[in-house]
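Chemist: Spelled out from the first residue to the last, the chains are:
Protein chains: 2
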Amino acid sequence: MTESDLPVADFHPYRWGDPAHHTELPAAAHETLAAFGVRAPARPPVDLAELELPEPAVDAKVLAELAALVGAEHLSTTNAARLAHTRGWSTPDLLRLRAGDATDAPDAVTLPGSHEEVVALLELCERERIAVVPYSGGTSVVGGLTPERAGFNGVIALDLKRLDAVLAVDEVSRTATLQAGLRGVEAERQLRERGLTLGHFPQSYEGASIGGYAAARSAGQASAGYGRFDEMVVGLVLATPRGTLELGSAPKSAAGPDLRQLVLGSEGSLGVITSVTVRVRPLPAERVYEAWRFDSFTAGANALRRLVQDGPVPTVLRLSDEAETSINLADPAAMFGGGPGGCLAVTGYEGSAAEVAARRAGASALLSEAGGQPLGTEPGESWRTGRYRAPYLRDPLLDAGVLIETLETVTFWSNLHPLRAAVTEALTNSLTAQGTPPLVLCHLSHVYETGASLYFTVACAQTEDPVAQWRLAKSAANEAIRAAGAAITHHHGVGTDHREVYAREVGPLAVASLRAVKQVLDPAGILNPGVLIATSDAAGQDLTGQDLAGHGPAEGGN
Amino acid sequence: MTESDLPVADFHPYRWGDPAHHTELPAAAHETLAAFGVRAPARPPVDLAELELPEPAVDAKVLAELAALVGAEHLSTTNAARLAHTRGWSTPDLLRLRAGDATDAPDAVTLPGSHEEVVALLELCERERIAVVPYSGGTSVVGGLTPERAGFNGVIALDLKRLDAVLAVDEVSRTATLQAGLRGVEAERQLRERGLTLGHFPQSYEGASIGGYAAARSAGQASAGYGRFDEMVVGLVLATPRGTLELGSAPKSAAGPDLRQLVLGSEGSLGVITSVTVRVRPLPAERVYEAWRFDSFTAGANALRRLVQDGPVPTVLRLSDEAETSINLADPAAMFGGGPGGCLAVTGYEGSAAEVAARRAGASALLSEAGGQPLGTEPGESWRTGRYRAPYLRDPLLDAGVLIETLETVTFWSNLHPLRAAVTEALTNSLTAQGTPPLVLCHLSHVYETGASLYFTVACAQTEDPVAQWRLAKSAANEAIRAAGAAITHHHGVGTDHREVYAREVGPLAVASLRAVKQVLDPAGILNPGVLIATSDAAGQDLTGQDLAGHGPAEGGN
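Protein sequence lines correspond, in order, to chains P and G. Take the first sequence: its letter number 515 is residue 515 in UniProt numbering, and every next letter is one higher. Take the second sequence: its letter number 470 is residue 470 in UniProt numbering, and every next letter is one higher.
In isolation and in its complexed conformation, chain P is listed as follows (with noise of 0.2 Å):
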């Protein structure tokens, strides 16, 4: 099985992936739970069917112009569509919907054909002051569909599954352009008759899509071959509520700014990527995937650092640690059964057989000088093919009490193992506090020449407010990146979770530019209010842009 045999899945609004795929835990699992104390929660996740939506804010005229606009059949306010666009994978935003919370849902769906759709909705919602929320995979963890509705005439997801076309494939420049609602899925499976492939995997791929996948600056398992996201676009085309921006005459240039780079990683609050020329590669021929041991943590990081510093570099580099390695997430079955101990790292190569031989037998040089024992390709294929297995875990866990979340980060080589301590400290701290003291488990799993990026799963018994407990240690974990210099997010994302300690990592010149530059594209504030930068101030002073006259950035940026 390839990526590209992957089905498209809709997903539940509170279970992951293809219902298809759907797990239980083990019976012994259960036991295991129980010895450590958790129990299931007092009441079940709320049946979605029965739960009452308040009538939609939005004004029935405003309403009336959107279906004009799109097409009748385009807009939605039935229940089910705006459950299925409240919030997003998070475990506190599972946990709420559960709980039968839906404060959060849009009040219409709409669904636009074009670019030229996004843009007209996007000036009559400026008009009639509807915030919205762009809308692709819907997969964010980071709260990026959450959107503070003060101040609006109501909230639209502004969904943009009818943009799916692959619009154009230059196989000179090796480029294709591909519409923000393409699945990656079926980005893959188009790009395949065609024999490339954007070697794009993030844990999300079942569900994200293309516009998300720029929005957000994805970061993809195999990134240390084929690059994060952000490497992959060479080009893309805005809507803003003024207009349309267009970037990207050349791969690279001198010309200003790389203002491609302002637009990814924005979340929708600058405009709406309605469609991205990405960088595409042969389809390879060979893959290879195998697993190594080593002693520590330490020692396994040593070796990917010198890999990934003077190569031959893998495509996929990974390495668990002694937690991790010892509970194999991709396989409940296995999930408690131990391991080969120490620390797995899993190594895999793409790319002619040539190529693929050449790599793997410099890297395996390496690893083995460095300490590595290899494992051979069992392991490393199980990994493959179980990697997004993984998170349809977390539905069962939730049903059965346990808490169960993942954080992440990125920083320097050198500054890799005291982040490491640190957050698993803070995290363990103030879980233990709590009274349910957590497995931390941490995997290294997107490597450059100068840093990597650390991936941790959180789990322990839920407290009878789960919501709260879980924003405790998430707090107390984003004030020891803030601490240890580190970057808040490696590829989750800001949304609204992140957004004040982003803040205070890149200070406030940088987030008045942003805002400055939010004021020129979407004037009266409607796009993903409060995602990524606050809609007021610290003096409280509202940025939401009530005041069209074009007054400009808040003074106090300094």
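If you're looking for bench data, these hints aren't it; they were derived computationally from the structure. The structure presented is a predicted model; accordingly, all values stated were derived computationally and were not measured. Positions of the beta carbon are idealized from the N, C-alpha and C atoms, including for glycine. Some clues are possibly wrong.
What the hints assert, rightly or not - Label pairs and their calculated CB-CB ranges:
hint : chain 1 : residue 1 : chain 2 : residue 2 : range
1    : G       : Arg192    : P       : Arg306    : 15 to 25 Å
2    : G       : Ala165    : P       : Pro418    : 22 to 32 Å
3    : G       : Asp295    : P       : Ser352    : 21 to 31 Å
4    : P       : Val172    : G       : Asn429    : 21 to 31 Å
5    : P       : Thr23     : G       : Glu231    : 36 to 46 Å
6    : G       : Thr298    : P       : Gly195    : 22 to 32 Å
7    : G       : Thr298    : P       : Arg389    : 46 to 56 Å
8    : P       : Glu246    : G       : Glu31     : 47 to 57 Å
9    : P       : Arg306    : G       : Glu231    : 14 to 24 Å
10   : G       : Ala150    : P       : Ala60     : 51 to 61 Å
11   : G       : Pro418    : P       : Ser352    : 27 to 37 Å
12   : G       : Gly37     : P       : Ser352    : 52 to 62 Å
13   : G       : Ala354    : P       : Val172    : 51 to 61 Å
What the hints assert, rightly or not - Computed list of chain P residues with no C-beta within reach of chain G, every gap over 12 Å:
hint : residue
14   : Glu55
15   : Ala99
16   : Gly100
17   : Pro396
What the hints assert, rightly or not - Under 8 Å between C-beta atoms, here's a sample of chain G residues computed to sit facing chain P:
hint : residue
18   : Ala20
19   : Gln309
20   : Phe412
21   : Val494
22   : Ala510
Starting from the known structure of chain P, arrange chain G on it as the hints suggest.
Modeler: This is chain G only, laid out in the frame that chain P set:
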């Protein structure tokens, strides 16, 4: 000789490079030029020592404050200092200074000694409405050092020469923190002592500095192997009149837009980059440079495309067209002496011995298969050791009455040949219509998976007014580049020369966004006024920020 053996040159204001390497044309060249109708200009260049400049326009009290801030010995109003900071190194810049036109001379030259002094100086200049030209190597060829004076109480050059320290080297993360005024040559010398290299060798290497590399998105001749300078930067510190912006908490992240890429390429218009943290590499143990012959530019470009798309990728990769191949610019003695015919490609490999051998073998096999004939290492080494000599030829050619200038652009592979034809035709038609049919040479010197740069050298007889003559030709080339949808510059930057075409390339919403950021960081508009973006918009509205009350970007951005 390696790059770090080169001396740090103190350039003469209108003669390129190290005075010890100033050169003359061989007698045979003069004969050939005469046959082409080239006649020496009626007037020789003025003697700068005899050039009188007007009194500094900056108020004496303000000069005293500046002197108090940086130290009296680090402020100069002498003619020599002001002339040494007058404009950059484009041919029109040289022609104007040769003709005694020093109208763009700054009123004073200041040399702050720390980041804090730069911030304080900018605050002072904002208060006093003094325009500031950030100056590091001074090698701009696009009018990047020619600010608009109107509306200001004088112009000062902010020379970063004293900020020349290697602040930190992190050997684990392989990064170095370098101050902006550090010359490229000196950075290499200091890094070499630790067994490291930046690998950044632009044509301006003998004169350019780290800050200029960053501010103008420099690309070195080894960009295929070491990357562009904007790809090396992982962190930066920007001094602005409103304080300090510090970016780069990780190599890459999803923490919002990549704002480093908003500062890189801002050419001193948003702030003064005072230091950057860059990725460094181990000094290569081995270097091999060799040459190949292709029958045509198309055949050669296809071969280079295959190399960069399918690998292995050499460290240096370039291809001259037939005309450039026949004129070896690096060797004045052989300048009009033929060559191997066809199109010359240079491939360079740097790294460990084994890695160089493997990469060279793979690339050579592909080049042979693509129709390349190996010419051995001698012409490759000759290019490597002679590559900094070409710019020295411009001065004697200008003396002899030749108009000689270069320009460059970048596009996607599928557009490469139409772009080359269009630019060549535009230059040829414009100069032929002026009675001076030109020689137009072209090479491809920076390759990406999705595209490549084109670099043109143009030579013809000077008319009576060579500045106006070039302005027409350059304008025709700019229009051809725009019409072809390519970027107006690959590595020279925007400055003032490309500003209008750049605005058309990125469009009004992009320009309005940049202006909005400038309004936040430099509300008085003192930083390099008129560089990168115009000081007034199309409607003539003044945007120099006379109004400090916090009004934002002008309306009418779309």
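Chemist: Decide, hint by hint, whether the structure agrees.
Modeler: To see whether the hints hold, each was checked on the structure:
1. With their beta carbons about 22 Å apart, Arg192/G and Arg306/P fall inside the hinted range of 15 to 25 Å.
2. Checked against the hint of 22 to 32 Å, the pair Ala165/G and Pro418/P passes, with Cβ atoms roughly 26 Å apart.
3. In this structure, Asp295/G and Ser352/P meet the distance hint of 21 to 31 Å, their C-beta atoms being roughly 27 Å apart.
4. Between Val172/P and Asn429/G the C-beta distance comes to about 28 Å, which sits within the given range of 21 to 31 Å.
5. Remark: the range hint 36 to 46 Å for Thr23/P to Glu231/G is upheld by a beta-carbon distance near 42 Å.
6. At roughly 24 Å, the beta-carbon separation of Thr298/G and Gly195/P lies within the given 22 to 32 Å, and the hint holds.
7. At roughly 50 Å, the beta-carbon separation of Thr298/G and Arg389/P lies within the given 46 to 56 Å, and the hint holds.
8. Separated by about 52 Å at the C-beta atoms, Glu246/P and Glu31/G satisfy the suggested range of 47 to 57 Å.
9. Roughly 21 Å separates the CB atoms of Arg306/P and Glu231/G, a value that falls within the hinted 14 to 24 Å.
10. About 55 Å separates the C-beta atoms of Ala150/G and Ala60/P, a value consistent with the hinted range of 51 to 61 Å.
11. Distance hint for Pro418/G and Ser352/P: a CB-CB separation of about 31 Å, consistent with the stated range 27 to 37 Å.
12. The hint said 52 to 62 Å for the Cβ distance between Gly37/G and Ser352/P, and at roughly 55 Å that hint holds.
13. Range check, Ala354/G to Val172/P: Cβ separation about 33 Å, and the 51 to 61 Å hint is violated.
14. Every beta carbon of chain G lies more than 12 Å from that of Glu55/P, the smallest distance being close to 35 Å; the non-interface claim holds.
15. Taking the minimum C-beta to C-beta distance to chain G, about 29 Å, the non-interface status of Ala99/P holds against the 12 Å cut.
16. With a closest Cβ-Cβ approach of about 31 Å to chain G, Gly100/P is found to remain outside the 12 Å limit, as its non-interface label requires.
17. Residue placement check: Pro396/P keeps its beta carbon more than 12 Å from all beta carbons of chain G (closest about 28 Å).
18. Hint on Ala20/G is violated. Least Cβ distance to chain P is approximately 30 Å, over the 8 Å limit.
19. At its closest, the beta carbon of Gln309/G sits 6 Å from a beta carbon of chain P; the interface hint therefore holds under the 8 Å criterion.
20. About 4 Å separates the beta-carbon of Phe412/G from the nearest beta-carbon of chain P, less than 8 Å, and the hint is met.
21. The beta carbon of Val494/G is positioned within 8 Å of a beta carbon in chain P (closest approach about 5 Å), and the interface hint is therefore held.
22. Interface hint at Ala510/G: satisfied, since its Cβ lies 5 Å from the closest Cβ of chain P, which is below the 8 Å cut-off.
Violated hints for the displayed structure, listed by number in ascending order: 13, 18.
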